[in-house]
Amino acid sequence: MQVIFEKAVSDDEEQAIIKAVKKTDEIETAIGLLESAGGRIAVSTEGQTYLLEHNKIYYIESIDKKTFIYTKENCYETKLRLYELEDMLNTNFLRCAKAMIVNIRKIRSVKSDMNGRMNARLLNDENIVIARSYVKELKKRLGI
Amino acid sequence: MKEKNSVKKKIKIVFEQTMTISTGIFFMIGIGGVITHLSGNSYHLDWYHPLSIILIGFLCALPTLLLEEAEGGKSSALRIILHCLSLFAIVSIAGYFFNWYTDISSYISVAVIFFVVYAFVWLSSIWMSKVDENKINKALEKFRDDE
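These protein sequences, in sequence, are chains A and B.
The opening position of the first sequence corresponds to residue 1 in my numbering, with each subsequent residue numbered one higher.
The opening position of the second sequence corresponds to residue 1001 in my numbering, with each subsequent residue numbered one higher.
Honestly, the hints are just simulated from the structure, not real lab data.
Among the hints, erroneous ones may be present.
Unchecked claim - Below, a list of computed lysine-lysine pairs in the DSS-like style, where the Cα atoms sit at most 25 Å apart:
#	chain 1	residue 1	chain 2	residue 2
1	A	Lys139	B	Lys1135
2	A	Lys72	B	Lys1012
3	A	Lys111	B	Lys1130
4	A	Lys79	B	Lys1009
5	A	Lys22	A	Lys136
6	B	Lys1130	A	Lys136
7	A	Lys79	A	Lys65
8	B	Lys1138	A	Lys140
9	B	Lys1142	A	Lys136
10	A	Lys140	A	Lys111
11	A	Lys140	B	Lys1130
12	A	Lys136	B	Lys1009
13	A	Lys7	B	Lys1009
14	B	Lys1135	A	Lys65
15	A	Lys111	B	Lys1138
16	A	Lys56	A	Lys22
17	B	Lys1142	B	Lys1130
18	A	Lys111	A	Lys79
19	A	Lys7	B	Lys1012
20	B	Lys1135	A	Lys140
21	B	Lys1138	A	Lys56
22	A	Lys23	B	Lys1142
To be verified - From chain B, some residues computed to sit far from chain A (all C-beta separations above 10 Å):
#	residue
23	Tyr1043
24	Leu1045
25	Gly1095
26	Phe1098
27	Ser1129
28	Ile1136
29	Phe1143
Using N, Cα and C, we set each Cβ at its ideal position, and we do this for glycine too.
Just need the whole structure built from these sequences, with the hints factored in.
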């Protein structure tokens, strides 16, 4: 596909147009990336509230009806529920278990476990489990 | 909507497992039939045997569903041992009611077939998981962030 970049004069003029015969998985991924570029989530820790960029998120976990967002070194809490975040985030984010969403771009490697599960090692050396039923979706997102 | 999808997923797992287990048993019975025939002995199935195999495939799929659902608690190895034993109990009890064996030697044959099918299914699923693992790791090389 031919890619053309035109410099815009102001922020208001910024736009991305994709012309294609079919909306393929790759195009969906590109749209997701463009739409979420600069996307932020309100999170809090130790009484302070911050705006956290989507691309800083490693994984999100729901524990006892509370939602925690993990970055490379920190853990934050958000008032958003897991399903709300799932709808809000782009296709880089995958539901990997009933109570967890992972940023695929932060997975260093996977190792198959018994029973079809995968143990994923993240870029910060943390390990999480990808349940068997979500492995198929992971493969789809990676274009396998 | 999500609950509906979850039920659909469970039905799909039960259906797939029923088909896999039934096919495995049919395959082993087929091989057993060929060996028996080549040994010069007669071999036949009763009218209810094929359906009983599918029914046992279905019953064996139920503990498999519980195994799929369990995410924490006992270790994987212990869960698999419990799964194997529960399936063997189902096959033994149901096989008794369906007259799959008439004496101890035919019961031992059924037991051997069961464990061969079980090992075959596990080994093939481990092999398929390894193939997936390699494919995913290769794809991740292009996909992951540089940090």
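Hints and how they fare:
A threshold of 25 Å between alpha carbons decides the hint, and for A:Lys139 with B:Lys1135 the separation of about 8 Å falls inside it, so the pair holds. The hinted pair formed by A:Lys72 and B:Lys1012 fails the criterion: a straight-line CA distance of about 37 Å is larger than 25 Å. Our distance criterion of 25 Å between C-alpha atoms is met by A:Lys111 and B:Lys1130, whose separation comes to about 8 Å. With a CA separation close to 29 Å, the supplied pair A:Lys79 and B:Lys1009 exceeds the 25 Å bound.
Restraint check for A:Lys22 and A:Lys136: the C-alpha separation of about 23 Å stays at or below 25 Å, so the hint holds. A C-alpha spacing of about 14 Å is found between B:Lys1130 and A:Lys136, which places the hinted pair at or below 25 Å, so the restraint holds. In summary, the hint linking A:Lys79 to A:Lys65 is supported, as the alpha carbons are separated by about 10 Å, within the 25 Å threshold. Proposed proximity of B:Lys1138 and A:Lys140 is supported: the alpha carbons are some 14 Å apart, at most 25 Å.
This hinted pair checks out: B:Lys1142 and A:Lys136 have alpha carbons roughly 19 Å apart, not beyond 25 Å. Straight-line distance between C-alpha atoms of A:Lys140 and A:Lys111 comes to about 17 Å, which keeps the hinted pair within the 25 Å bound. Of the pairs offered as hints, the one joining A:Lys140 and B:Lys1130 holds, with about 17 Å between alpha carbons and a cut-off of 25 Å not exceeded. For a cut-off of 25 Å, the pair hint linking A:Lys136 to B:Lys1009 stands: about 13 Å separates their Cα positions.
Between the alpha carbons of A:Lys7 and B:Lys1009 the distance comes to roughly 47 Å, so the proposed pair goes past 25 Å and is violated. Of the supplied pair hints, the one linking B:Lys1135 and A:Lys65 is violated, its CA atoms being roughly 35 Å apart against a limit of 25 Å. Taking the CA atoms of A:Lys111 and B:Lys1138, the gap is near 12 Å; set against the 25 Å cutoff, the hint holds. Of the supplied pair hints, the one linking A:Lys56 and A:Lys22 is violated, its CA atoms being roughly 31 Å apart against a limit of 25 Å.
Among the hinted pairs, B:Lys1142 with B:Lys1130 is consistent with the structure: their alpha-carbon atoms are about 19 Å apart, no more than 25 Å. Proximity of A:Lys111 to A:Lys79 is assessed by CA-CA distance (about 32 Å); at most 25 Å being required, the pair is judged violated. A distance of roughly 50 Å separates the Cα atoms of A:Lys7 and B:Lys1012; the hinted pair therefore is violated under the 25 Å criterion. A distance of roughly 11 Å separates the Cα atoms of B:Lys1135 and A:Lys140; the hinted pair therefore holds under the 25 Å criterion.
At roughly 23 Å between alpha-carbon atoms, B:Lys1138 and A:Lys56 fall within 25 Å of each other, so this suggested pair holds. About 21 Å separates the Cα atoms of A:Lys23 and B:Lys1142, which keeps this hinted pair within 25 Å; it holds. Separation of B:Tyr1043 from chain A is adequate, the least Cβ-Cβ distance of about 36 Å exceeding the 10 Å criterion. Remark: the non-interface label on B:Leu1045 is consistent with the geometry, its nearest Cβ contact in chain A lying 33 Å away (cut-off 10 Å).
Taking the minimum C-beta to C-beta distance to chain A, about 26 Å, the non-interface status of B:Gly1095 holds against the 10 Å cut. Annotated as non-interface, B:Phe1098 keeps its C-beta farther than 10 Å from every C-beta of chain A; the closest such distance is 29 Å. Its beta-carbon lying about 4 Å from the closest one in chain A, B:Ser1129 breaks the requirement of being farther than 10 Å from that chain. Look at B:Ile1136: its CB is around 5 Å from the nearest CB on chain A, not clear of 10 Å, so calling it non-interface is violated.
Non-interface call for B:Phe1143 relative to chain A: violated, since the shortest CB-CB distance, roughly 6 Å, does not exceed 10 Å.
Going down the numbered hints, you'll see the structure goes against 2, 4, 13, 14, 16, 18, 19, 27, 28, 29, while the others check out.
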